[in-house]
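Chemist: Dock chain B against the given chain A, drawing on the hints supplied.
Residue numbers (this note's numbering), protein chains in the order written: chain A, 22 to 625; chain B, 114 to 491.
Some hints could be false.
Unchecked claim - Below are the PhoX-like pairs computed for lysine-lysine, each with C-alpha atoms no more than 20 Å apart in a straight line:
1. B:Lys304 to B:Lys227
2. A:Lys273 to B:Lys401
3. A:Lys273 to B:Lys222
4. B:Lys222 to B:Lys304
5. B:Lys308 to B:Lys227
6. B:Lys308 to B:Lys222
Since the hints were made in silico from the structure, they are not lab data.
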Amino acid sequence: MSAITAGDPLIPGRRSATGEDGLPRENYLNAGYDLKSWFFTLDHKRIAILYLISLTVMFAIGGFGAMVVRLNLLTPNGLIVRPQTYNRMFSMHGVVMVFFFLVPSIPAVLGNFLLPLMLGTRDLAFPKLNLLSWYLYVVGALIAIIAMIFGGVDTGWTFYAPLSTQYSYDNVSLVIAGAFLAGFSSILTGLNFIVTVHKMRAPGLTWFRLPLFIWSIYATSLIQVLATPVLAITLLALVVERVFHVGFFDPKLGGDPVLMQHMFWFYSHPAVYIMILPGMAVISEIVACFSRKPIFGYKFVAFASLGIAVISFLVWGHHMFTTSQSPFAATVFSFLSFIVAIPSAIKVFNWTATLHKGSIQLTTPMLYALSFIGLFTIGGLTGLHLASMAADVHLQDTYFVVAHFHYVMVGGAMTAFLGGMHFWWPKIFGRMYPESWGKASAIIVFVGFNLTFFPQFIMGIEGMPRRYATYAEEFQLWHILSTAGASIMGLGFALPFTYLLWSLKKGPIAGPNPFRATGLEWQCPSPPPTLNFEKIPIVTTGPYAYSAEGDELEHAEEQAQRAQLELELTRLQIAGDRVAEGVPLATPGPAISAVPEEDSPRGV
Amino acid sequence: MQTFAKFPFLPPQASSGAAEIDYLLIALNAVAIFFSAGIFVALIWLAVYYRQGNKVNRANPVLHSTSIEVIWTVIPLLICLGLFAWATALFLNQRRIPANAMEIHVVGKQWMWKLQQPNGRWEMNQLHVPVGQPIRLAMTSEDVIHSFFVPAFRLKTDVIPGQFTYLWFKPTRPGTYHLFCAEFCGTEHSKMRGKVIVMERTAYQKWLNEGNQAEAAVQVGAGLFQKHGCSGCHNPGSSVRAPMLAGIFGRQVPIQIPKQGTPLSQIKAETITADNRYLYDSIVLPEKEIAAGYRAIMPTYRNRLTNEEVFQLVAYLRSMGRADAPKTNLRQDNTNTLGASDYEARVGFIPENIKGNGVGGGGRAGSNVAPANERTGP
Numbered sequence: 022m023s024a025i026t027a028g029d030p031l032i033p034g035r036r037s038a039t040g041e042d043g044l045p046r047e048n049y050l051n052a053g054y055d056l057k058s059w060f061f062t063l064d065h066k067r068i069a070i071l072y073l074i075s076l077t078v079m080f081a082i083g084g085f086g087a088m089v090v091r092l093n094l095l096t097p098n099g100l101i102v103r104p105q106t107y108n109r110m111f112s113m114h115g116v117v118m119v120f121f122f123l124v125p126s127i128p129a130v131l132g133n134f135l136l137p138l139m140l141g142t143r144d145l146a147f148p149k150l151n152l153l154s155w156y157l158y159v160v161g162a163l164i165a166i167i168a169m170i171f172g173g174v175d176t177g178w179t180f181y182a183p184l185s186t187q188y189s190y191d192n193v194s195l196v197i198a199g200a201f202l203a204g205f206s207s208i209l210t211g212l213n214f215i216v217t218v219h220k221m222r223a224p225g226l227t228w229f230r231l232p233l234f235i236w237s238i239y240a241t242s243l244i245q246v247l248a249t250p251v252l253a254i255t256l257l258a259l260v261v262e263r264v265f266h267v268g269f270f271d272p273k274l275g276g277d278p279v280l281m282q283h284m285f286w287f288y289s290h291p292a293v294y295i296m297i298l299p300g301m302a303v304i305s306e307i308v309a310c311f312s313r314k315p316i317f318g319y320k321f322v323a324f325a326s327l328g329i330a331v332i333s334f335l336v337w338g339h340h341m342f343t344t345s346q347s348p349f350a351a352t353v354f355s356f357l358s359f360i361v362a363i364p365s366a367i368k369v370f371n372w373t374a375t376l377h378k379g380s381i382q383l384t385t386p387m388l389y390a391l392s393f394i395g396l397f398t399i400g401g402l403t404g405l406h407l408a409s410m411a412a413d414v415h416l417q418d419t420y421f422v423v424a425h426f427h428y429v430m431v432g433g434a435m436t437a438f439l440g441g442m443h444f445w446w447p448k449i450f451g452r453m454y455p456e457s458w459g460k461a462s463a464i465i466v467f468v469g470f471n472l473t474f475f476p477q478f479i480m481g482i483e484g485m486p487r488r489y490a491t492y493a494e495e496f497q498l499w500h501i502l503s504t505a506g507a508s509i510m511g512l513g514f515a516l517p518f519t520y521l522l523w524s525l526k527k528g529p530i531a532g533p534n535p536f537r538a539t540g541l542e543w544q545c546p547s548p549p550p551t552l553n554f555e556k557i558p559i560v561t562t563g564p565y566a567y568s569a570e571g572d573e574l575e576h577a578e579e580q581a582q583r584a585q586l587e588l589e590l591t592r593l594q595i596a597g598d599r600v601a602e603g604v605p606l607a608t609p610g611p612a613i614s615a616v617p618e619e620d621s622p623r624g625v
Numbered sequence: 114m115q116t117f118a119k120f121p122f123l124p125p126q127a128s129s130g131a132a133e134i135d136y137l138l139i140a141l142n143a144v145a146i147f148f149s150a151g152i153f154v155a156l157i158w159l160a161v162y163y164r165q166g167n168k169v170n171r172a173n174p175v176l177h178s179t180s181i182e183v184i185w186t187v188i189p190l191l192i193c194l195g196l197f198a199w200a201t202a203l204f205l206n207q208r209r210i211p212a213n214a215m216e217i218h219v220v221g222k223q224w225m226w227k228l229q230q231p232n233g234r235w236e237m238n239q240l241h242v243p244v245g246q247p248i249r250l251a252m253t254s255e256d257v258i259h260s261f262f263v264p265a266f267r268l269k270t271d272v273i274p275g276q277f278t279y280l281w282f283k284p285t286r287p288g289t290y291h292l293f294c295a296e297f298c299g300t301e302h303s304k305m306r307g308k309v310i311v312m313e314r315t316a317y318q319k320w321l322n323e324g325n326q327a328e329a330a331v332q333v334g335a336g337l338f339q340k341h342g343c344s345g346c347h348n349p350g351s352s353v354r355a356p357m358l359a360g361i362f363g364r365q366v367p368i369q370i371p372k373q374g375t376p377l378s379q380i381k382a383e384t385i386t387a388d389n390r391y392l393y394d395s396i397v398l399p400e401k402e403i404a405a406g407y408r409a410i411m412p413t414y415r416n417r418l419t420n421e422e423v424f425q426l427v428a429y430l431r432s433m434g435r436a437d438a439p440k441t442n443l444r445q446d447n448t449n450t451l452g453a454s455d456y457e458a459r460v461g462f463i464p465e466n467i468k469g470n471g472v473g474g475g476g477r478a479g480s481n482v483a484p485a486n487e488r489t490g491p
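Chain A on its own, in the form it takes in the complex:
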């Protein structure tokens, strides 16, 4: 995006603002070091970092649950834990990963950090609300974690009644309270984003000049604000029934257990899109940058996000084809579930078409993005199986469903999160991650992921039910493959954790725009100063002012220069050797003042 910025960090006068370590002398990271400066910060970037740290902890806890589950399933009768523990572990995995990792992940970290930068503004509309949302999240997470350490919860993340209200002896109410608070955190984030996008765009930044990241995050925020209250109502009703025996869902108290499922999925199906839409947001930015092209069909992609947000509210009944839901209702839900596949398909086709005539660099973020597109395609297409009522009757509650939503949630949302973290890592911390390690991690995650979850499709079609601590012997081979894949994937996740930490101190200085990307966020220094922009930028064009052809020319020029340089170096070396051999120097070597720095930022 081209924009006029008075405070352009690249103009010579600003160079002196660079500190001894090569990072900008004043940035949001060194704005204060005491705890107060972090825990009472109103800076959206610092709040994003707080979220990043807490989310990483939650991911580790959720991952631990998955590890126990996968290890236990190596043998048909359970390798390491009893069914009670197994049930608590898969419930912990689900609760933590859904409510405390995936739902907040991209919006709370990348969204928080980037939204004001991309909009060319100094902060979100309500900075205090933003901080409050983090506190709600942390308190909710702490309550849930404590409840899960001291007793656990064994209902699955879906809390189906009456199991959760009348039959479970575990800490169901506490865990629900945690999810309830996390829900409010989500609502506040969504509200903040909506208002910010409406009211705080930089001058000239019209709706159709917004990066697709903003469109997708905006659609996500709409769902968060509209759907999450229903989750809150549902969870509250569950606790009231559990504690005070008021009959909402248990038929023995006069309630209806299917009602609970309707209410739960009224939130939780849109929540699937709360998790995947931000992933799509990230992918649009990465694909454009590393294809050096604007996203194909910008408006179609933008409206596909809104289309998904709207239709996602009308498909929840497809989780209930095997309950007593009426055939008429089931038919309508099935129809709408097929329809919601279309906007997702449009996005996939548009991303793929963007590559055409691009100048493609297979960097780490791009590898993650390509792997997202492929895996999300599989996840989406297997959703058609489950939208088909006749097929769903066989596949519902089997590993097919598990594989399907992991392809969307892990292959999609988690892959996008990692891709986005790599892409904006230099912006957030001012230092580059190690590229070859990054590529290795992207490939390892891809391989491990497919080995983990593809066998689960097969198991599911064969009839292996989900949430089984023990299982029939014929499924063992698939479980072993799946566990092997999970180990590889675990390594793939551990790698970025390690080298990204390493890069905080040792990574090469990135400069404001190491990828020569065009978003407004790349026009301020990395890491950005507390107020982001010295002067609010004025936007004059659309978001993806890339040119693959121009980039190729530049690239060719650079290659030619580099070849020239190598030639000169060789010549010098030969000359040097001759001197060493005692041969007198004939002519002085050419000056090498025009040597281009490799990977130097070139500005916008």
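Modeler: Okay, now just chain B, sitting in the frame of chain A:
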């Protein structure tokens, strides 16, 4: 037909509907594989061909094209609509239960299945069925939600407390197949597994007459009807006036839904179908819907009967002589403007509180009429 549609990873086909589901699954797999493979090939080819530095034509890239967008919107849409139509037709078609289906009762409870044959023979975690005979499972749960899943039949239906759900199938191939509980139901959920044993008819007949014999649900229900005093009020000629229950199942019955603070006599009556839900609720939650014209004095049997017993009572009610039902032209519409004669047609007498209200005015029970104080209901 069974051998034709055989995908390498599908479980055995042992029911009449399985092959059709398999065709659908194969088609869905084909669509998924075709488009995934297409996207993967396109991504890899484009990423390699247009890699930075590769000397290829990049001139005049297309940045948007409405016609291309329309093409790749409409084609997936048509495929989706086709799959939707196919899957829905199959689903609705397969839900139609044949009239000659043999009913087997299923009760799920943590963590076992109890199954009872029409002659009363019951078994735990095993279901014996004769090959070629349509079977209809009438299922309920004692506690939490379970789900009855037989992969070889490609069928699954949730088993829900406080409700009856049905599942029907026609076994086509003798053999032993998995029975799984598919809805997470607590600690030993994964142990809630059993077998479905499809037998030849003669072997089944022999099996049927051995082993755990118990009275069939209908007989047990008849016993409970006496034992718990239902017959005291609901039998013809009893001293307390309560609705007669012969032939009640499936009939349109007038009810009043009580409202706090409003006398029953002033509440509009409406008609509903006396289905399983109504019969179940009338036993467990009698205060929820009152048979129109009766006093709300029936006690709840919520904690006095197990779910299975309620189920047996309902089975008995359903079996009660439909022939005894008054022969009248029942109105088919569901309006709540019932006249005195409509009431009479349904319950066999004219309730006090609508007497004199005239035809068509029965829905609004006249406020000037005293409530029927000697009647009890439902």
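Chemist: If a hint holds in the structure, say so; if it does not, say that too.
Modeler: Each hint, compared with the structure:
1. For the suggested pair Lys304 (chain B) and Lys227 (chain B), the alpha carbons sit about 14 Å apart, so the restraint of at most 20 Å is met.
2. A C-alpha spacing of about 13 Å is found between Lys273 (chain A) and Lys401 (chain B), which places the hinted pair at or below 20 Å, so the restraint holds.
3. A distance of roughly 14 Å separates the Cα atoms of Lys273 (chain A) and Lys222 (chain B); the hinted pair therefore holds under the 20 Å criterion.
4. Straight-line distance between C-alpha atoms of Lys222 (chain B) and Lys304 (chain B) comes to about 12 Å, which keeps the hinted pair within the 20 Å bound.
5. The hinted pair formed by Lys308 (chain B) and Lys227 (chain B) meets the criterion: a straight-line CA distance of about 12 Å does not exceed 20 Å.
6. With a C-alpha separation of about 16 Å, the suggested pair Lys308 (chain B) and Lys222 (chain B) falls inside the 20 Å cut-off, and the hint holds.
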